[in-house]
Amino acid sequence: MTHAISRRAVLRAAIGAGIASPLLAGCGALTPASSRPGALSVHTQLSGAVAGARVFSDAVATYERRFARTVALLKNGSDLPIVFETSSLAGAEADVALVNLQGRTLSWTGLGATIPVTRLLDDWGLRDKIIPEAVAEWTDGSGNVRAFPFTRTNWPVSFNTRLLDEAGVGIPTTSDELIAAAQALRAKGIGPVTVGGSDWSGQKLFLQIIQGFLTAEESKKVFASGKLSESAGAVAGVEHFVELRDAGVFIDNVQGYTSDSELTQFNTGKAAIVPAMSSALAKVPAERAKEVTVGGWPKPSRGGVLDHPSVIQSYNGHGIWISENGAKKLDLVEPFVKYLYSDEVTDAMILGSGRDMSRVTGTLSTDFPLVAQASRLTAAQVSPVMLPDLTIPQSAFEPMIQATATAYGPVSVERIVDVFEKAYATA
Amino acid sequence: MARTALRPLRDRVGSITSGALAWIYCALLVVPLYYFVVSSFKDNEQIFESPLALPGTWDFSNFGTAIDQAELVLAVANSVITTVAALVLTLLLALPASFALARSNGRLGRFVENIFALGFLIPSFAALFPTFLLAAALGLFHSRTFVVFLLPATALPLSIVILTSFMRAIPRELEEAASMDGASALQVLRQVYLPICVPGIATVLLLNFLSFWNAYLYPLILIGPDTAQRTIQVALPTLKVDAGTDYGVLMAGTLFTLLPVYLVYTVLQRQMQRALISGAVKG
Numbered sequence: 429m430t431h432a433i434s435r436r437a438v439l440r441a442a443i444g445a446g447i448a449s450p451l452l453a454g455c456g457a458l459t460p461a462s463s464r465p466g467a468l469s470v471h472t473q474l475s476g477a478v479a480g481a482r483v484f485s486d487a488v489a490t491y492e493r494r495f496a497r498t499v500a501l502l503k504n505g506s507d508l509p510i511v512f513e514t515s516s517l518a519g520a521e522a523d524v525a526l527v528n529l530q531g532r533t534l535s536w537t538g539l540g541a542t543i544p545v546t547r548l549l550d551d552w553g554l555r556d557k558i559i560p561e562a563v564a565e566w567t568d569g570s571g572n573v574r575a576f577p578f579t580r581t582n583w584p585v586s587f588n589t590r591l592l593d594e595a596g597v598g599i600p601t602t603s604d605e606l607i608a609a610a611q612a613l614r615a616k617g618i619g620p621v622t623v624g625g626s627d628w629s630g631q632k633l634f635l636q637i638i639q640g641f642l643t644a645e646e647s648k649k650v651f652a653s654g655k656l657s658e659s660a661g662a663v664a665g666v667e668h669f670v671e672l673r674d675a676g677v678f679i680d681n682v683q684g685y686t687s688d689s690e691l692t693q694f695n696t697g698k699a700a701i702v703p704a705m706s707s708a709l710a711k712v713p714a715e716r717a718k719e720v721t722v723g724g725w726p727k728p729s730r731g732g733v734l735d736h737p738s739v740i741q742s743y744n745g746h747g748i749w750i751s752e753n754g755a756k757k758l759d760l761v762e763p764f765v766k767y768l769y770s771d772e773v774t775d776a777m778i779l780g781s782g783r784d785m786s787r788v789t790g791t792l793s794t795d796f797p798l799v800a801q802a803s804r805l806t807a808a809q810v811s812p813v814m815l816p817d818l819t820i821p822q823s824a825f826e827p828m829i830q831a832t833a834t835a836y837g838p839v840s841v842e843r844i845v846d847v848f849e850k851a852y853a854t855a
Numbered sequence: 245m246a247r248t249a250l251r252p253l254r255d256r257v258g259s260i261t262s263g264a265l266a267w268i269y270c271a272l273l274v275v276p277l278y279y280f281v282v283s284s285f286k287d288n289e290q291i292f293e294s295p296l297a298l299p300g301t302w303d304f305s306n307f308g309t310a311i312d313q314a315e316l317v318l319a320v321a322n323s324v325i326t327t328v329a330a331l332v333l334t335l336l337l338a339l340p341a342s343f344a345l346a347r348s349n350g351r352l353g354r355f356v357e358n359i360f361a362l363g364f365l366i367p368s369f370a371a372l373f374p375t376f377l378l379a380a381a382l383g384l385f386h387s388r389t390f391v392v393f394l395l396p397a398t399a400l401p402l403s404i405v406i407l408t409s410f411m412r413a414i415p416r417e418l419e420e421a422a423s424m425d426g427a428s429a430l431q432v433l434r435q436v437y438l439p440i441c442v443p444g445i446a447t448v449l450l451l452n453f454l455s456f457w458n459a460y461l462y463p464l465i466l467i468g469p470d471t472a473q474r475t476i477q478v479a480l481p482t483l484k485v486d487a488g489t490d491y492g493v494l495m496a497g498t499l500f501t502l503l504p505v506y507l508v509y510t511v512l513q514r515q516m517q518r519a520l521i522s523g524a525v526k527g
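Residue numbers (my numbering), protein chains in the order written: chain A, 429 to 855; chain B, 245 to 527.
It is worth saying that the hints were derived from the structure and are not from the lab. Keep in mind that this is a model prediction, so the values were computed, not measured. The beta-carbon is built from N, C-alpha and C at its ideal position, and this holds for glycine as well. Be a bit skeptical, because a hint or two may be false.
[To be verified] Calculated Cβ distances over 12 Å to all of chain A for the following chain B residues: (1) LEU345; (2) LEU454; (3) LEU464; (4) LEU483.
[Said to hold, decoys possible] Straight line, CA to CA, 27 Å or less: simulated BS3-like cross-link-like pairs of lysine-lysine: (5) A/LYS557 to A/LYS616; (6) A/LYS616 to A/LYS718; (7) A/LYS756 to A/LYS557; (8) A/LYS698 to A/LYS557; (9) B/LYS484 to A/LYS698; (10) A/LYS718 to B/LYS484.
[Said to hold, decoys possible] Listed next, with one range per pair, are the computed distances between beta-carbon atoms: (11) B/GLU293 to A/LEU792: 27 to 35 Å; (12) B/ALA297 to A/THR721: 45 to 53 Å; (13) A/PRO838 to B/ASN358: 51 to 59 Å.
Please put together the full structure from these sequences, using the hints given.
Right under this line is the structure:
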């Protein structure tokens with residue numbers, strides 16, 4: 429009996445692999461830098477295809493060369509919090525983590541997984557370098573600053589003026605204008621507002637629209653408790669959302685779209701309006717960016733609490749968190765964090781990747797015109813509303829997204845309120 | 245006469261139906277693969293505008309971007325190390341165990357075989373936390389070593405069931421003849437059983453390769469995010485971002501990671517098909 433693979437070949441392969449594996453494992457590139465003495469391990473979400481990842485890793489490489497230090501970059505995407513937490517349980521977490529404040533990370537400082545940086549802000553001379561509102565947003569209920577605010581985000585609305593011109597309408601600033609614009613766009617076969625109805629991007633817009641009828645304090649209360657029915661403003665906001673939805677403001681089948689597909693719809697000219705955060709605006713192709721004007725979400729024509737179209741403005745980008753392990757080597761953490769707040773790194777992040785930074789700076793993005801436009805929006809043009817992530821309880825975060833996804837379908841106001849409240853109750 | 249005239253017609257209808265179903269099945273497999281390959285040469289606009297059209301240019305820049313952004317070369321090296329080491333360990337453990345079980349006629353052998361089969365009942369999610377605690381207790385957390393030991397443990401039940409069934413089909417006379425010539429048990433395994441079990445070994449290798457190569461959760465938690473150690477399945481998701489994923493780059497990166505799978509499948513598929521068709525082995 430003969431076989432294509434002989435016994436000898438199998439044995440050779442097995443022995444070869446057995447010898448090669450440890451040899452390969454010994455290669456320098458495959459040896460963890462974090463295991464080297466004196467190394468600082470930095471666990472970052474600024475990695476892969478995320479805007480600013482390349483600029484950040486280049487900045488870290490420069491730091492290593494210039495100061496003869498070793499920094500091990502550990503990289504994850506949205507799975508960073510769970511990896512950090514399990515590492516923390518084993519006492520093997522990175523010294524520093526760069527991750528945003530949302531869901532699981534809200535409880536890190538309270539649980540002792542990371543240390544408050546309140547005192548370090550002053551000791552390291554960073555307080556004056558960081559926008560005060562950013563520090564305030566990163567401060568928890570006990571007065572502890574959870575982490576150093578690093579990047580921030582604007583959440584403006586982008587309008588494709590070429591498509592609006594084609595439909596014979598201008599940039600809408602009120603809900604009546606928006607409905608009229610949507611009808612004109614539809615008549616020309618152009619999608620009006622595109623948004624990821626099935627995910628967090630749809631959730632953000634839903635909550636932004638509701639905030640048209642809520643003061644900042646009311647918003648915090650409603651998003652913390654989830655009790656829409658107990659707030660007349662919140663119910664009015666949901667009614668307004670349904671009015672817009674039923675008037676055809678959103679593209680068809682919006683319930684099935686995601687944050688990725690909304691941008692693709694906009695970037696390919698299939699839809700004229702998209703609410704998107706500034707890091708996503710950095711990815712709008714230059715040709716499309718020429719046709720785009722950045723503004724706010726049209727304010728309610730009747731009722732409501734806003735003077736201007738709304739924009740979500742938040743300092744909740746990536747924060748620089750110090751773990752329990754990092755607290756034991758603050759002598760290594762301090763120069764690294766100070767370096768990240770240098771003019772050099774701030775400018776590189778803004779100019780090289782279009783990131784909005786929490787560092788006080790006058791630098792504006794040049795190669796990312798939409799990000800720059802968003803940064804230039806003033807209080808006379810737009811009314812800022814809050815990013816609800818900070819007030820939504822961790823356990824309600826995912827269930828609430830499912831609830832808001834329901835709102836983009838053909839359901840009544842009562843049903844939306846009911847599903848929303850149940851998401852909090854069952855979380 | 246009417247019956248005989250009908251039979252060829254029925255055969256023809258059956259043949260056409262089965263042929264049509266085979267082509268539909270083939271299309272179901274080929275169309276997504278085609279979409280996947282052509283998309284890796286396009287940008288988002290082309291992917292969404294004309295998903296099934298051929299790319300305007302066969303530009304490999306998406307591959308370069310994916311490899312660069314997610315550091316895929318390092319990740320592939322780590323996956324190769326982890327997968328190959330785990331496969332070698334699996335065979336080193338499964339072959340003698342299966343040999344012993346195949347030759348055993350007693351109750352103890354059946355009991356041990358059932359113990360191995362119990363492994364099928366443990367859901368992988370349920371084992372994650374105790375496994376994590378074990379890794380931490382052994383000081384092997386955030387290392388490839390622990391995963392190299394863990395993966396064979398998860399693969400042994402299926403590997404032993406397959407190899408034991410192959411070895412049971414080998415006529416006892418061959419072993420007796422070798423023993424009469426003075427062969428030890430190890431020599432019988434090496435010189436009698438192993439050559440005959442090559443299709444079974446290939447099957448075990450292929451199935452476990454796919455499982456080890458595609459493992460995500462355990463390497464994510466146990467090996468961790470250090471680029472010097474993380475495997476391909478942990479590195480690849482960093483190409484997906486919250487807003488504005490470049491699907492051409494993501495597809496290119498995924499295609500790059502599939503090349504080793506294709507190579508291994510090409511090498512082992514004939515042996516695996518032989519094993520599946522024969523179901524048993526002749527000496």
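Now the hints, each set against the structure:
At the 12 Å boundary, the C-beta of B/LEU345 stays outside the reach of chain A, the nearest C-beta of that chain being 21 Å off. Remark: the non-interface label on B/LEU454 is consistent with the geometry, its nearest Cβ contact in chain A lying 17 Å away (cut-off 12 Å). Residue placement check: B/LEU464 does not keep its beta carbon more than 12 Å from all beta carbons of chain A (closest about 6 Å). The Cβ of B/LEU483 sits about 5 Å from the closest Cβ of chain A, inside the 12 Å cut-off, so the non-interface label is violated.
Only pairs whose Cα atoms come within 27 Å are accepted, and A/LYS557 paired with A/LYS616 is rejected, the gap being roughly 49 Å. Restraint check: the Cα-Cα separation between A/LYS616 and A/LYS718 comes to about 21 Å, which is no more than 27 Å; the hinted pair holds. Straight-line distance between C-alpha atoms of A/LYS756 and A/LYS557 comes to about 25 Å, which keeps the hinted pair within the 27 Å bound. Of the pairs offered as hints, the one joining A/LYS698 and A/LYS557 is violated, with about 42 Å between alpha carbons and a cut-off of 27 Å exceeded.
Of the supplied pair hints, the one linking B/LYS484 and A/LYS698 holds, its CA atoms being roughly 22 Å apart against a limit of 27 Å. Straight-line distance between C-alpha atoms of A/LYS718 and B/LYS484 comes to about 26 Å, which keeps the hinted pair within the 27 Å bound. The hinted range of 27 to 35 Å is satisfied by B/GLU293 and A/LEU792, whose Cβ atoms lie roughly 33 Å apart. Range check, B/ALA297 to A/THR721: Cβ separation about 32 Å, and the 45 to 53 Å hint is violated.
Checked against the hint of 51 to 59 Å, the C-beta distance between A/PRO838 and B/ASN358 comes to roughly 55 Å, which is consistent with it.
Of the numbered hints stated above, those contradicted by the structure are hints 3, 4, 5, 8, 12, listed in ascending order.
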